[in-house]
Amino acid sequence: MTPLLSVNGVTKRYGAHIGCADVSFELYPGEVMGVVGESGSGKSTLLNCMAGHLTPDAGQVIFDTRTDGPRDTLTMSEPERRMLGRTDWAFVHQHARDGLRMGVSAGGNVGERLMAVGERHYGDIRGKATDWLERVEIASNRVDDRPTTFSGGMQQRLQIARNLVTGPRLVFMDEPTGGLDVSVQARLLDLLRGLVRDMGLSAIIVTHDLAVVRLLADRLMVMKNGHVVEAGLTDQVLDDPQHAYSQLLVSSVLQV
Amino acid sequence: MTDQAYNFAYLDEQTKRMIRRAILKGLAIPGYQVPFASREMPMPYGWGTGGVQVSAAILTPDDTFKVIDQGADDTTNAVSIRSFFERTAGVATTTATSAASVIQTRHRIPEEPLTEDQILVYQVPIPEPLRFLEPRESETRKMHSLEEYGLMHVKLYEDISRHGHIATSYAYPVKVEERYVMDPSPIPKFDNPKLGDMAAIQLFGAGREQRIYALPPYTQVVSLDFEDHPFEATKADQVCGLCGATDSYLDEVIVDDAGGRLFCCSDTDYCTARRAQGHQGPAFLDSEAVA
Ligand SMILES: [Zn+2]
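Residue numbers (this note's numbering), protein chains in the order written: chain A, 152 to 407; chain B, 17 to 307.
To be clear, the hints were calculated from the coordinates, so they are not data collected in a lab. Where hints are given, some of them may not hold.
Stated by the list, open to error - Quick list of in silico lysine-lysine cross-link-like pairs, DSBU-like style, CA-CA up to 35 Å:
| hint | chain 1 | residue 1 | chain 2 | residue 2 |
| --- | --- | --- | --- | --- |
| 1 | B | Lys158 | A | Lys279 |
| 2 | B | Lys41 | B | Lys191 |
| 3 | B | Lys158 | B | Lys191 |
| 4 | B | Lys32 | B | Lys158 |
| 5 | B | Lys191 | A | Lys279 |
| 6 | B | Lys171 | B | Lys158 |
| 7 | A | Lys279 | B | Lys171 |
| 8 | B | Lys191 | B | Lys32 |
| 9 | B | Lys191 | B | Lys171 |
| 10 | B | Lys251 | B | Lys191 |
| 11 | B | Lys158 | B | Lys41 |
| 12 | A | Lys279 | B | Lys251 |
Make the full structure from the sequences, and use the hints.
Right, here's the structure in full:
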């Protein structure tokens, strides 16, 4: 099987400081990869390099495109990369307001990606938006309300709906449960797990929260100081961490 | 008599050349916003300084100049711009659409079809149609260059979701030659169909925002819409009380202390010309109150 994404030797430096160094892995269709580490470990730098928000100094990010097969997204033209960004790729930000248009109704937020790819039937767009609100457990009568009137958890669910409405083949998530109350986190995780299962989503989830990867990720990479120090099946890494740093990470979460 | 303290049409020749270059570039790329170094004009922003600079750059001594403000030639704004060019360029001025070679306008396109011998100059407050939803200039520039115009339909979507129909009635966005999305300035959407395939050159000047854009003659201009909410060039469902016109854009005006109302042509030259030809509207049948 062709990997959906092949990351080869991705390196990003900030002057003398290393953002991430020589990261390589493959993601297969329907797989969820978790990337864990403390803040400053390079996991967010890696995510932004893969998603095209940052330009790495070295490496390849090869995506299996629908039309042309595997292509290095780093050498694509900007229009091609942006097109990918609003069709086959999706990006869920930690802070919902970074990923939503706060001045636009919930329906408009979900409908934007549909309109961006050329849908021009208001009724259809609204219908799909309403369906998606229900799928993320937002009452359909909130379709015309702005996200500013939503709770933090609802905003995050709206951001997820907005990202998934075009059926992306790869979803990047940056601390999707960060900044939410614990009870709200649990509900969001449940929802994400359902969506991942039902849609067969392929995703890369960056988080410092091991509970998130335990629930969602098939495989795990542990990062420290820009390097991947351990990688493997999620249960394996969490239950029997080999690297001293992974052991520290796992033990510290168990104490919480 | 030209005021000797100024160069012809106030601006110096070098500035005019710079503006003409921007205009030519705009004509070469219809609908594309060309940056230009806007000059201080002896009138406040919001008084059409962008349009005034464009007019200053294109006027010649042989031109006949007309200024309309919301369709009327006699508002303070129109009178002051007209007298500015009478004073600084010594050009002939007129209120008759057909007699003008250059028409500077705010908020309207004349009812009478324009010809290849005419230039229509629009005063533009906000040239960027995407600004409503995307305030970052760097991002909107990228959206134009990559033809990422989904956001424009988000604006129309929001309109329908809030009002049940596309309620945008002014500055209704258009797509030019299937390429650039353009703000036609705050003309009523009733005027949008006149933008396309027009014989005259159309120039748009935004002073504060330092942008010029243009539509060469006979350019394709399409108003954005949805399949199930098609664009409509609406106007008040009335006839002009003064001249009886059924096809012109109407303003509703209060005509007496008792709150009496009258619909009449917003294009005062059009209305005046029709009345001179003997057309009469229902207001004359109802009362003699309206002069
Ligand atoms: Zn009339």
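Evaluation of the provided hints:
no.	hint	in the structure
1	Lys158/B with Lys279/A	holds (28 Å)
2	Lys41/B with Lys191/B	holds (18 Å)
3	Lys158/B with Lys191/B	holds (17 Å)
4	Lys32/B with Lys158/B	holds (29 Å)
5	Lys191/B with Lys279/A	holds (26 Å)
6	Lys171/B with Lys158/B	holds (18 Å)
7	Lys279/A with Lys171/B	holds (18 Å)
8	Lys191/B with Lys32/B	holds (29 Å)
9	Lys191/B with Lys171/B	holds (15 Å)
10	Lys251/B with Lys191/B	holds (22 Å)
11	Lys158/B with Lys41/B	holds (19 Å)
12	Lys279/A with Lys251/B	holds (33 Å)
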